[in-house]
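Trainee: Those protein sequences? They're chains R and V, same order as listed.
Reading the first sequence from the start, the letters are residues 1 to 190 in the numbering used here.
Reading the second sequence from the start, the letters are residues 1 to 557 in the numbering used here.
Watch out, some of these pointers could steer you wrong.
[Stated by the list, open to error] No farther apart than 25 Å at their CA atoms in a straight line, the calculated lysine-lysine pairs in the BS3-like style are these:
hint, chain 1, residue 1, chain 2, residue 2
1, V, K3, R, K16
2, R, K166, R, K189
3, V, K109, V, K153
4, V, K3, R, K166
5, V, K3, R, K189
6, R, K66, R, K130
7, V, K369, V, K191
8, R, K158, R, K189
9, R, K125, R, K158
10, V, K303, V, K454
11, V, K502, V, K303
12, V, K30, V, K3
13, V, K454, V, K369
14, V, K501, V, K303
15, V, K404, R, K66
16, V, K109, V, K441
17, V, K404, R, K158
18, R, K166, V, K404
19, V, K501, V, K97
20, R, K66, R, K105
21, V, K30, R, K125
[As the list claims (entries may be wrong)] Far from chain R, some chain V residues (derived; all Cβ distances over 10 Å):
hint, residue
22, D169
23, N177
24, F508
[Claimed, not checked] Pair ranges (Cβ atoms, derived):
hint, chain 1, residue 1, chain 2, residue 2, range
25, R, A169, V, V161, 21 to 27 Å
26, R, A59, V, H49, 28 to 34 Å
27, V, G95, R, P188, 48 to 54 Å
By construction, these hints were calculated from the structure, which means they are not laboratory data.
Backbone N, C-alpha and C define an ideal beta-carbon position, used for all residues, glycine too.
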Amino acid sequence: MLTLAAGAATFPGFSKWTFACGHVGNAVLQIRPASYQPLFFDPQEYALIERLADIIIPADSTPGAKEAGVSEFIDLMVSRDPELQNSFRSGLGWLNLRSTSAYGKPFLGLSSSQQIALLEPLAYKAKFRKGEQAGRDFFDLLREYTVMGFYTSEIGLKELDFPGLKFYAESPACPHQDDPEHRHLPAPKF
Amino acid sequence: MPKHIYDVIVIGTGAGGGMAIKTLCEAGLKVCALNSGRRLDPDKDFRNHRMPWELKYRGFGDPQTHPRSQTDFVGDSEFVQGAWENEAAYTQAPGTKWGWPRCSAVGGKTNFWGRSSTRFGDIDFRAASLDGHDVDWPVTYDEMAPYYTRVEKMIGVASTVQNRPSNPDGSYLPPMNFRCFDRILQAGAGKVGVPYLPDRIAQLTVGHDGHPACHFCGDCSSGCEVGAFFSTPFFLLPVAEASGNLELRTSALAKNILVDDDGHATGVAYVDRNDRQEYEVYGRAVVVAASCLESARIMLNSKSRHWPTGIANSSGQLGRNLCDHLYGIAASGYLPQLLGQPSFPDNVSDSSIAWMPRWQNLQYPHEEKFIRGYSVYPDGGCWEFPAYHDQIEGFGSSFKLEMKRRYPTPVSLMTQIPTLRSDKNYLDIDPEAKDSYGIPKARIHFQWGENDLKMWEHAKTVCAEVLHAAGGVLEYAADIPENPGYSQHETGICRMGNDPKKFVTNRFGQTHDMANLYVCDASVFLNCTDKPTTLSILVFALRTSDFVVEQFRKGGQ
């Protein structure tokens, strides 16, 4: 119990989510601070992570990365892995350098359309540009951690309509008994 | 004070040890069981029924202990703590890439196993007679069938009678139901001419023998806190404890087997992991069931004047003939038919509901360019984490929508390919490396063989055909299989056989060299087959345990 209490005391807590169990299997009472204090990123870096996650999974008809607290998750994961710290810090640096050389301003100073114009060559094979391999590697890593953070949040799994961890009286069976190849399904919902 | 002597010391409480403990205790023998880890409390230690956001690292684990660069198994996950070893007890010969996860909790890997449970048959036991490679097992299916029936009754296996030449049928609970993607893949497999059938799975589709029916939450590999699938702590150890004949010592890490002046086993030396002191426990017989590799490590570390190369090793075969299952994603992709359809609870077993049992080399042993055969486990559908994200380009609302559209569609086909026995694959003791308890580490020598890799290439071709025939899109097939050890189905290394010069144990798992030393795990198997190992470990352990009881009744021990 002592180690647990000590662990809880040093952990500042997330502003967007709480986790239910501590590392020894007991419930931890967490305080949700109004604003998140990053464990690893400096304030400028953290703001940039938050913006990038928001671009990757934006709020549209449903909530996005910002509402799901994805940047808090990324900061937590990065704070625990020196290799990730190097990759993220140098990647953010690369992006700001690229932004400055193209527009004379760091990434967060750009308009939305300028930000997207910088990211598209990193995200789509058809738009790849020479000399941007480091940027592409960073974008892949950032997108991976954004996906990890979003689709493990309550908001993200609601987005997918995650059907698991429910109780059933018998194992759920395919409801389309007359259509083994599933060639005559109702029109897609999305 | 005279030293206390038990009837039997059993090392290990997994499938083999658990079955031995239960059978021996029920027969009235006094048993002391040693287990290297602690006893789990399912209510506290199994963090199933938890959404990922209820865990601090969302189920990915603390990057400090599970760093991104480490892709091999590193022990406990965020869902289970204090069950798996984080220390490696082995080194690797140059060129070997073996991963050896060790579950030290009471019950071992049965707490978290995949539960696929199919019988071996004469096609396996007599494979050498059919194709000329290696030697036959010293048993026949007729001999083993009654034990399979007893074990299936004990643990409850859900499946259907399938009349497959490679797979003897048993007695089954109602099968798991097929999901949408199963039926689509089944139609594709039918066109290619390969079987796609309900797996044999030790998951209770109905209540069985006092154990509750499964509630299909899908979190099985985090442990089941109601015991709706077989594990020794839920199914076997309570019976042994009720008999009053079991003393279970936890945190007792077996080090070596003790021998008397004549070289006969008298007990076991172990390290108590709490005080790190060495203790001894004595018995009239010893059953080694520490899991395949660990059993050989303990026996090889049991050196004495009589046994300079390890106990019961007059054949020189102890540690030799290591076999494994080659696992790998032979094909994965998605089913466009299901794009944008509502999500469906596909993950209700966290393992295989369907399987594609061996279809190769059934009519003639040399139909294919390889001998023997393999099986394939399909999976897919709406899982907890959308791992297909790296197949979708871009970002923004279009990316988010495509992630949602793809959610019900992913499918993958994973191989279970048996390696053939080879002189190159074995385990010895590293002369230089010791674990943190001062016990010499095992050293593993292992490479995939030519026959195994031919099967892997064959599987990739056929699985791609199945996916295409089902109307699916193939996106990925692994270039190379998972590392050896990944399946946790290692076998061999204390092989059973009639000739004491060539085999470590006889056909009952009793060592040829010593009447009161037995082996009860997959190390007595001659090789892997296209089937998983746990059911057969239980079956062979039951038979060996019956044999031990008989020896005691006859007064031989």
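Trainee: Confirm or reject each hint.
Mentor: Okay, the hints, checked on the actual structure:
1. The straight-line distance between the Cα atoms of K3 (chain V) and K16 (chain R) is roughly 62 Å, outside the 25 Å bound, and the hint therefore fails.
2. Restraint check: the Cα-Cα separation between K166 (chain R) and K189 (chain R) comes to about 23 Å, which is no more than 25 Å; the hinted pair holds.
3. For a cut-off of 25 Å, the pair hint linking K109 (chain V) to K153 (chain V) stands: about 21 Å separates their Cα positions.
4. Proximity of K3 (chain V) to K166 (chain R) is assessed by CA-CA distance (about 54 Å); at most 25 Å being required, the pair is judged violated.
5. Taking the CA atoms of K3 (chain V) and K189 (chain R), the gap is near 74 Å; set against the 25 Å cutoff, the hint is violated.
6. Our distance criterion of 25 Å between C-alpha atoms is broken by K66 (chain R) and K130 (chain R), whose separation comes to about 32 Å.
7. Proximity of K369 (chain V) to K191 (chain V) is assessed by CA-CA distance (about 22 Å); at most 25 Å being required, the pair is judged to hold.
8. Annotation: proposed proximity of K158 (chain R) to K189 (chain R) holds, straight-line Cα distance about 15 Å (limit 25 Å).
9. A threshold of 25 Å between alpha carbons decides the hint, and for K125 (chain R) with K158 (chain R) the separation of about 30 Å lies outside it, so the pair is violated.
10. Among the hinted pairs, K303 (chain V) with K454 (chain V) is inconsistent with the structure: their alpha-carbon atoms are about 40 Å apart, more than 25 Å.
11. Simply put, K502 (chain V) and K303 (chain V) have alpha-carbon atoms about 20 Å apart, close enough for the 25 Å limit, and the pair holds.
12. Distance check on the hinted pair: K30 (chain V) and K3 (chain V) sit about 15 Å apart at the alpha-carbon level, within 25 Å; holds.
13. For the suggested pair K454 (chain V) and K369 (chain V), the alpha carbons sit about 7 Å apart, so the restraint of at most 25 Å is met.
14. For the hint linking K501 (chain V) to K303 (chain V), the alpha-carbon distance of about 19 Å falls within 25 Å, and the restraint holds.
15. Under the criterion of a C-alpha separation no larger than 25 Å, the hint pairing K404 (chain V) with K66 (chain R) is consistent with the structure, at around 18 Å.
16. For the proposed pair K109 (chain V) and K441 (chain V), the alpha carbon gap of about 21 Å is at most 25 Å, so the pair holds.
17. Using a Cα cut-off of 25 Å, the hinted pair K404 (chain V) and K158 (chain R) holds, with the two alpha carbons roughly 10 Å apart.
18. Between K166 (chain R) and K404 (chain V) the CA atoms are separated by roughly 20 Å; this keeps the pair inside 25 Å, and the hint holds.
19. Simply put, K501 (chain V) and K97 (chain V) have alpha-carbon atoms about 31 Å apart, too far for the 25 Å limit, and the pair is violated.
20. A C-alpha spacing of about 24 Å is found between K66 (chain R) and K105 (chain R), which places the hinted pair at or below 25 Å, so the restraint holds.
21. In summary, the hint linking K30 (chain V) to K125 (chain R) is not supported, as the alpha carbons are separated by about 68 Å, beyond the 25 Å threshold.
22. Every C-beta of chain R lies more than 10 Å from that of D169 (chain V), the closest at about 21 Å, which supports listing it as non-interface.
23. With a least CB separation of 3 Å from chain R, N177 (chain V) falls inside the 10 Å interface cut-off, contrary to its annotation.
24. Residue placement check: F508 (chain V) keeps its beta carbon more than 10 Å from all beta carbons of chain R (closest about 39 Å).
25. Range check, A169 (chain R) to V161 (chain V): Cβ separation about 24 Å, and the 21 to 27 Å hint holds.
26. The given range of 28 to 34 Å is respected by A59 (chain R) and H49 (chain V), whose C-beta atoms sit roughly 30 Å from each other.
27. The beta-carbon spacing between G95 (chain V) and P188 (chain R), approximately 50 Å, falls within the hinted interval of 48 to 54 Å.
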